[in-house]
Amino acid sequence: MPGIDEEGELLRFSTAGSVDDGKSTLIGRLLYDTKTVFEDQVQHVEDVSRRRGDERVNLALLTDGLRAEREQGITIDVAYRYFATKRRKFIIADTPGHVQYTRNMVTGASTAQLSIVIVDARHGLLEQSRRHAFIASLLRIPHLVFAVNKMDLVGWDEQTFLRIENEFRNFAARLDIQDIAFIPMSALTGANVVERSVEMPWYHGPTLLHHLETVHITSDRNLIDVRFPVQWVIRPQSEQHPDYRGYAGQVAGGVLRVGDEVLVLPSGVPTKITRIEQHGVEVEAAFPPMSVTIHLADNVDLSRGDMLCRPNNQPTVGQDLDAMICWMADRPLQVQGRYALKHTTRWSRAMVTDVLYRMDVNTGHRDETLHTLGLNDLGRIRLRAMTPIIYDPYKQNRATGSFILVDETTNETVAAGLLLGD
Amino acid sequence: MITYRRSHLRALEDEAVHIMRELAAERERPCLLFSGGKDSIVLLRLAEKAFRPARFPFPLLHVDTGHNFPETIVYRDRRVAELGERLIVAHVQDSIDKGRVAEETGPRASRNRLQTTTLLDALLDNKFDAAIGGARRDEERARAKERIFSHRDEFGQWDPKNQRPELWSLYNGRVKRGEHLRIFPLSNWTELDVWQYIAAEDIPLPDIYFAHRREVFSRDGMLYAQNPFVTLLPGEKVIEQVVRFRTIGDMTCTGAVSSPASTLDEVIAEVAAARLTERGATRADDRFTEAAMEDRKREGYF
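Keeping their order, the protein sequence lines are chains A and B. Using our numbering, you'd call the opening residue of the first sequence number 581 and step up by one each time. Using our numbering, you'd call the opening residue of the second sequence number 4 and step up by one each time.
Hints are not guaranteed to be accurate.
[Claimed, not checked] Example chain A residues on the side facing chain B (calculated, C-beta under 8 Å, incomplete): (1) Asp-657; (2) Trp-736; (3) Phe-751; (4) Ser-871; (5) His-875; (6) Arg-884; (7) Ala-979; (8) Ser-982; (9) Val-986.
[Unchecked claim] Label pairs and their computed distance ranges (CB to CB): (10) A/His-796 to B/Ala-272: 43 to 53 Å; (11) B/Asp-80 to A/Asp-900: 50 to 60 Å; (12) A/His-796 to B/Val-241: 55 to 65 Å; (13) A/Asn-893 to B/Lys-164: 39 to 49 Å; (14) A/Glu-626 to B/Arg-301: 24 to 34 Å; (15) B/Ala-272 to A/Val-861: 40 to 50 Å; (16) A/Asp-934 to B/Pro-207: 57 to 67 Å.
[To be verified] Simulated coverage check for chain B against chain A, where a stretch passes if three residues somewhere in it have a Cβ under 8 Å from a Cβ of chain A: (17) 24–38; (18) 232–240.
If you're looking for bench data, these hints aren't it; they were derived computationally from the structure. Please read these numbers as outputs of a predicted model, since none were measured by experiment. Backbone N, C-alpha and C define an ideal beta-carbon position, used for all residues, glycine too.
Extracted from the complex, chain A is given alone in its bound form:
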């Protein structure tokens, strides 16, 4: 029975693209061909297509959520979709592709393990394909799929495909992406999406779905550097559990085992793990993304926002931070501006001390003459935090290397930040 197997893993991927690339049709195709779409949803889409006078049933409507978006025919926010096969369960973060939605792309990319960049085979590599790849690289998405769509409109021509692949490989050499797959397809006909294409015998690689089901994801997690941000202290102080004291949190890196020597940061006090529980059940080892409760040998002073690590492998503790950020608010960033900063399970306040440059999201070009950042801008800044932040460079650990900035008067989340190393 499909989806019943509990042993299947979870793969989160993002898609970026515009209506013209056929992104919504591709997602509609994935949902439809994996039999995820229900009859009432298909019925609904047929009704709406007919009422709007569309020529054919528009699979893209399956993924358009809010009324404003349906009226305007665009995807303006991140929408999450779900499907499962016998091998894996998938979460799609479906994001718009235009430059004015960079912040939505960054949001979708932040939790993705894989990103699909969709290009129209007739047009080849466009500015926006470069932008999507650049964001995927910046956000350290380990796997990229380059979906060359609408192959039916170029006569299933191998040379066209190879030319696009080649062009992209040249561009990608400047990016930091570990794994890229190129797949020629047609979302409209379904070729190489779920079913293998008979029209392109020259292509010997996997279909999109097969690739999604089999791409190796275990090694994407950081299983080396032990990082455990304390989230919540469980202390019942009840008659039954007078002395129980457990430190609850989600493992952000490495493998923690009972008996391990650990260090409490920022205090620097050494102690030992005596017990690891997962909701009352003892476990031998804890690794990402497990939510666990840890017991320590000594009665150390430890609270939310502190971190456990190994004595010989410590994160940086500091107040002067160097970061790439994506600005997400209408009101531009203020140099000397103060913001609330959330990093792992710790809130602090921070002042932006400098804007070093703004980065052109299409070309990677750095503009050092601008000293502010506006909505959807990416740029490098310096921050001074009021309290020490316990962090790793984002490229070593996405969980301990990321933060958000919040406007203290409106409580809006105004920026997403990636910490850089020394």
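Assemble the complex: chain A is given as a structure, and chain B must be docked to it using the hints.
Using the frame of chain A, we list chain B on its own:
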């Protein structure tokens, strides 16, 4: 030999537990919306996982329309007693008696929409600044874009075009006085995940989720339980049939499906093979307009 693999259900559980603990740490007065339906039943199990052996750092809140299935109320009270947690019940009837809302009339009258007022009043009366709910993004189109920490303004309204960006697992739990958050730990779960989790964790459910003989009548292509709150239309006839419920809401708007599935495994097999979404199949409240759920959510619905 440890393989460091994490099955998708366990990864979803890890995420949900993390969300609950973040909420508990970031908000002073949260509550958990418990309806006796399967999604909120799963929330209770996740709260146990997040906070035991201590007590939950929040009370449970049930908005009781007075039109519930009696089996749901029996289950609710039993479960609350087993957990030893505090339950607050807010009654739609009280909102009607106080003149806060007017009872709908006619054969299709429902208290579904009225409960939004009762819910918002209860949040205000108890000074709750966050409410954990069991909504899932796969349930309905408008929910696909809902945040996990979802902001509500001082009128309890949701503004879908002006949501806070939500990145990584860094949730922004800040609100001003009078505003609140809705927290959805099951955002990334599907109906099938919920059922598989119930099976994996062996969580007891109200009996009406399983096949039973019941007096029903057919309306608008759906089967409704014969109940004291609905007047039959001319031509509608009560018949006895073997049915079960896929979702549990009010007796006035929750349809049954004809099904012989009497065990969890049989239900899961049916869900996996189902060709209709659970809300599309059995919830009249979502059918009125193309954007029915979006409209109700803007007003402050669950």
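Quick rundown of the hints versus the structure:
Interface restraint check: A/Asp-657 against chain B, minimum CB-CB distance 5 Å, threshold 8 Å, status holds. Against a cut-off of 8 Å between C-beta atoms, the interface hint on A/Trp-736 is violated, since the closest Cβ of chain B lies about 33 Å away. For A/Phe-751, the interface hint is violated, since its Cβ never comes within 8 Å of a Cβ in chain B; the closest pair sits about 26 Å apart. The closest approach between the C-beta of A/Ser-871 and any C-beta of chain B is roughly 4 Å, which is under the 8 Å cut-off, so the hint is satisfied.
A distance limit of 8 Å between C-beta atoms decides the matter here; for A/His-875 the minimum to chain B is near 12 Å, and the interface restraint is violated. Below 8 Å, beta-carbon pairs count as interface contacts, and A/Arg-884 has one with chain B at about 6 Å; its hint therefore holds. Hint status for A/Ala-979: holds, given a least beta-carbon distance of 7 Å to chain B, under 8 Å. A least Cβ separation of about 5 Å between A/Ser-982 and chain B falls short of the 8 Å threshold, and the interface hint therefore holds.
A hinted interface residue such as A/Val-986 counts as satisfied when its beta carbon comes closer than 8 Å to some beta carbon of chain B; here the least separation is about 6 Å, so the hint holds. Remark: the range hint 43 to 53 Å for A/His-796 to B/Ala-272 is contradicted by a beta-carbon distance near 31 Å. Separated by about 56 Å at the C-beta atoms, B/Asp-80 and A/Asp-900 satisfy the suggested range of 50 to 60 Å. About 58 Å separates the C-beta atoms of A/His-796 and B/Val-241, a value consistent with the hinted range of 55 to 65 Å.
Hint check: A/Asn-893 to B/Lys-164, Cβ distance near 45 Å, so the stated range 39 to 49 Å holds. Under the hint 24 to 34 Å, the C-beta atoms of A/Glu-626 and B/Arg-301, about 26 Å apart, fit the expected range. Remark: the range hint 40 to 50 Å for B/Ala-272 to A/Val-861 is contradicted by a beta-carbon distance near 28 Å. About 59 Å separates the C-beta atoms of A/Asp-934 and B/Pro-207, a value consistent with the hinted range of 57 to 67 Å.
For the region 24–38 of chain B, the assignment as covered by chain A holds, since 4 residues bring a beta-carbon within under 8 Å of that chain's beta-carbons and 3 suffice. Under a criterion of three residues with beta carbons nearer than 8 Å to beta carbons of chain A, the stated coverage of the region 232–240 of chain B fails, only 0 such residues being counted.
Hint compliance for this structure: hints 2, 3, 5, 10, 15 and 18 are not met, and every other hint is.
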